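I would like the entire structure built from these sequences, with the hints used as guidance.
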Amino acid sequence: DQQVKQNSPSLSVQEGRISILNCDYTNSMFDYFLWYKKYPAEGPTFLISISSIKDKNEDGRFTVFLNKSAKHLSLHIVPSQPGDSAVYFCATNNAGNMLTFGGGTRLMVKP
Amino acid sequence: DTAVSQTPKYLVTQMGNDKSIKCEQNLGHDTMYWYKQDSKKFLKIMFSYNNKELIINETVPNRFSPKSPDKAHLNLHINSLELGDSAVYFCASSQNAGADQPQHFGDGTRLSIL
Numbered sequence: 002d003q004q005v006k007q008n009s010p011s012l013s014v015q016e017g018r019i020s021i022l023n024c025d026y027t028n029s030m031f032d033y034f035l036w037y038k039k040y041p042a043e044g045p046t047f048l049i050s051i052s053s054i055k056d057k058n059e060d061g062r063f064t065v066f067l068n069k070s071a072k073h074l075s076l077h078i079v080p081s082q083p084g085d086s087a088v089y090f091c092a093t094n095n096a097g098n099m100l101t102f103g104g105g106t107r108l109m110v111k112p
Numbered sequence: 020d021t022a023v024s025q026t027p028k029y030l031v032t033q034m035g036n037d038k039s040i041k042c043e044q045n046l047g048h049d050t051m052y053w054y055k056q057d058s059k060k061f062l063k064i065m066f067s068y069n070n071k072e073l074i075i076n077e078t079v080p081n082r083f084s085p086k087s088p089d090k091a092h093l094n095l096h097i098n099s100l101e102l103g104d105s106a107v108y109f110c111a112s113s114q115n116a117g118a119d120q121p122q123h124f125g126d127g128t129r130l131s132i133l
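Protein sequence lines, in the order shown, are assigned to chains A and B. Using this note's numbering, read the first sequence as starting at 2 and increasing by one per residue. Using this note's numbering, read the second sequence as starting at 20 and increasing by one per residue.
Everything labelled a hint here was simulated from the structure, so no lab data went into it. Computed from a predicted model, the values in this text were never measured in an experiment. Any given hint could turn out to be false.
In silico DSSO-like pairs for lysine-lysine, Cα to Cα no more than 27 Å straight-line [what the hints assert, rightly or not]: (1) B/Lys63 to A/Lys38; (2) B/Lys41 to A/Lys38; (3) A/Lys55 to A/Lys6; (4) B/Lys28 to B/Lys90; (5) B/Lys41 to B/Lys55; (6) B/Lys63 to A/Lys69; (7) B/Lys60 to A/Lys38; (8) B/Lys59 to A/Lys111; (9) A/Lys38 to A/Lys57; (10) A/Lys38 to A/Lys111; (11) B/Lys59 to A/Lys72; (12) B/Lys60 to A/Lys111; (13) B/Lys38 to B/Lys28; (14) B/Lys28 to A/Lys38; (15) A/Lys6 to B/Lys60; (16) A/Lys6 to B/Lys55; (17) B/Lys71 to B/Lys38; (18) B/Lys63 to A/Lys6; (19) B/Lys59 to A/Lys38; (20) B/Lys59 to A/Lys6; (21) B/Lys60 to A/Lys72; (22) B/Lys63 to A/Lys72; (23) B/Lys86 to B/Lys55; (24) A/Lys72 to B/Lys55; (25) A/Lys38 to B/Lys55.
See the structure below:
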């Protein structure tokens, strides 16, 4: 049973517009939520995180929103750039900082 | 300089063999991990290793065993390989096991079982 779900396997966005990637989770006890970006033939790269005591965290073009009542988080990328094209994974962590990942969303940013 | 490096990058072997994948990190981190990405692209934690304490995901068969000769290395040994072990294996590290610590990943080892 998946504890972290990304229901959109892919997303296509025009360059300069906003990309919104969504993630749902089942366990209200999770402490931290993270987003990772992955290019083909490379390992995931950490992007941004948010603590469960916050509802928003911003880093440059990337903003993560957390809605605890809905058990939902989202990643906003504004403006989107072609180099942002990658697979994005949301994740949460358990004991020992062991990450549980969603299934990923492939983002394609068209020039 | 690569922060987390894995060798080999590709590994093709026969069913029933025993193999190892090496992982080294030069970040001075205390905690290391192994993940498996299966054919459906799901990334799943296998192990967390911090200060000689090993946490094992209960779904991992005991044919898999991590070995840490020192803090900078966490190697993965797999005995009696099966077809279902074909996957990409990622090593990662973090400063410590705190929930707010981002993990740095290697580029993966693609294991193919014939």
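Results for each hint:
| no. | hint | result |
| --- | --- | --- |
| 1 | B/Lys63 to A/Lys38 | 16 Å, holds |
| 2 | B/Lys41 to A/Lys38 | 24 Å, holds |
| 3 | A/Lys55 to A/Lys6 | 20 Å, holds |
| 4 | B/Lys28 to B/Lys90 | 22 Å, holds |
| 5 | B/Lys41 to B/Lys55 | 14 Å, holds |
| 6 | B/Lys63 to A/Lys69 | 24 Å, holds |
| 7 | B/Lys60 to A/Lys38 | 14 Å, holds |
| 8 | B/Lys59 to A/Lys111 | 25 Å, holds |
| 9 | A/Lys38 to A/Lys57 | 19 Å, holds |
| 10 | A/Lys38 to A/Lys111 | 17 Å, holds |
| 11 | B/Lys59 to A/Lys72 | 24 Å, holds |
| 12 | B/Lys60 to A/Lys111 | 24 Å, holds |
| 13 | B/Lys38 to B/Lys28 | 13 Å, holds |
| 14 | B/Lys28 to A/Lys38 | 20 Å, holds |
| 15 | A/Lys6 to B/Lys60 | 13 Å, holds |
| 16 | A/Lys6 to B/Lys55 | 17 Å, holds |
| 17 | B/Lys71 to B/Lys38 | 22 Å, holds |
| 18 | B/Lys63 to A/Lys6 | 13 Å, holds |
| 19 | B/Lys59 to A/Lys38 | 17 Å, holds |
| 20 | B/Lys59 to A/Lys6 | 14 Å, holds |
| 21 | B/Lys60 to A/Lys72 | 23 Å, holds |
| 22 | B/Lys63 to A/Lys72 | 21 Å, holds |
| 23 | B/Lys86 to B/Lys55 | 17 Å, holds |
| 24 | A/Lys72 to B/Lys55 | 26 Å, holds |
| 25 | A/Lys38 to B/Lys55 | 16 Å, holds |
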